[in-house]
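There are 2 protein chains.
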Amino acid sequence: MHPVELTKAFRLVNHGPTTIITSAHNGKVNIMAAAWVCALDFKPPKVTVVIDSNTYTRKLIEAEGTFAINLPCVKQIEMVKKVGNISGADFPDSDKFAEYEIETFTAQEISAPLVKNCVAWLECKIISEPNNQDIYDLFIAEVVAAHADERVFSDGHWHFDGHDDLRTIHHVAGGVFFATGKEC
Amino acid sequence: MHPVELTKAFRLVNHGPTTIITSAHNGKVNIMAAAWVCALDFKPPKVTVVIDSNTYTRKLIEAEGTFAINLPCVKQIEMVKKVGNISGADFPDSDKFAEYEIETFTAQEISAPLVKNCVAWLECKIISEPNNQDIYDLFIAEVVAAHADERVFSDGHWHFDGHDDLRTIHHVAGGVFFATGKEC
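First to last, the protein sequences are chains A and B. Going by full-length UniProt numbering, the residue at position 153 of the first sequence is 153; the numbering climbs one at a time, nothing skipped. Going by full-length UniProt numbering, the residue at position 37 of the second sequence is 37; the numbering climbs one at a time, nothing skipped.
Just so you know, these hints were derived from the structure itself, not from any lab. Beta carbons: idealized from backbone N, C-alpha and C, even for Gly. A couple of the hints might just be wrong.
[To be verified] Not everything, but these chain A residues come out facing chain B in the computed CB check (under 8 Å):
#: 1; residue: His-15
#: 2; residue: Ile-77
#: 3; residue: Asn-85
#: 4; residue: Glu-183
My request is simple: use the sequences and hints to build the entire structure.
Have a look at this one:
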């Protein structure tokens, strides 16, 4: 893991990968899959994220004001499916990290844990826009720190050749994913 | 080209492909590349699209209230780069379609022309949210009709195998694209 310049952070999500959202508030943590994440601005870097009002993640991120976007890779697809299919609210005495033995490490600027073996991480601070949140489940956030696995992202560029297991993934529906493919 | 059920329209953009936005108003037409397009809701299907305030497209879509999202494929990358690099405002007596010999066909519900040889098309009607538009260049739109090339999308599923030239594309930055890769 190495730091990514904030002016280059949009490049981590510009190609539309599916993400994992992690969150923490008041001793509770959660993790969910989210495909509806998109770059919104370059400087300061901003993103949009859609988080359904029925999710446990929604409660945590609204309370804490921050969350992390983790970019999972091909070898993590089974984990992505698991965390995408079950709500953290189903484990009142535990959490999805413990249930699925998902290892994490500490973020730099926010409380949410970052998921080990992902290939990039964006630490995000919500810019409050209640109308968007209430009507559309749409959150706008500023990226306050970014990191990537330098085997596949360095100097502002993705380079997946020779690392097929570390390619980012793109969800269509129903557990069908495409890997990020050839540069063209 | 065949119709896509509106309840499945989100699957056209769920994997985060780069798009081409087409627009028309009062006899003027334009075309631009846009990577910052994202699904927002299933039913009715909605999307978010970021359109910079300096673009000619912005003027047309704000005036008309509608636009089209076209999904270009690998064999159209040079065209995508061209329409992404030059403003329609630079051709006051012509337009980018004529300048670059881009063929189009008529949409079903809106005025914007659809680009031939793309692999999917979403016809969109803007839901006015002036705060988002003015502060973030962010548009919310409802998808009112959708179509796809049935060689690569049918019955709600993408199937690119055997059609590498028709794979959708994902822009990172500076004209670097990845093709949508293997199903995994």
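Against the earlier hints, flag every one the structure doesn't satisfy and list their numbers going up.
Going through the list in order, the structure violates hint 3 alone and respects the others.
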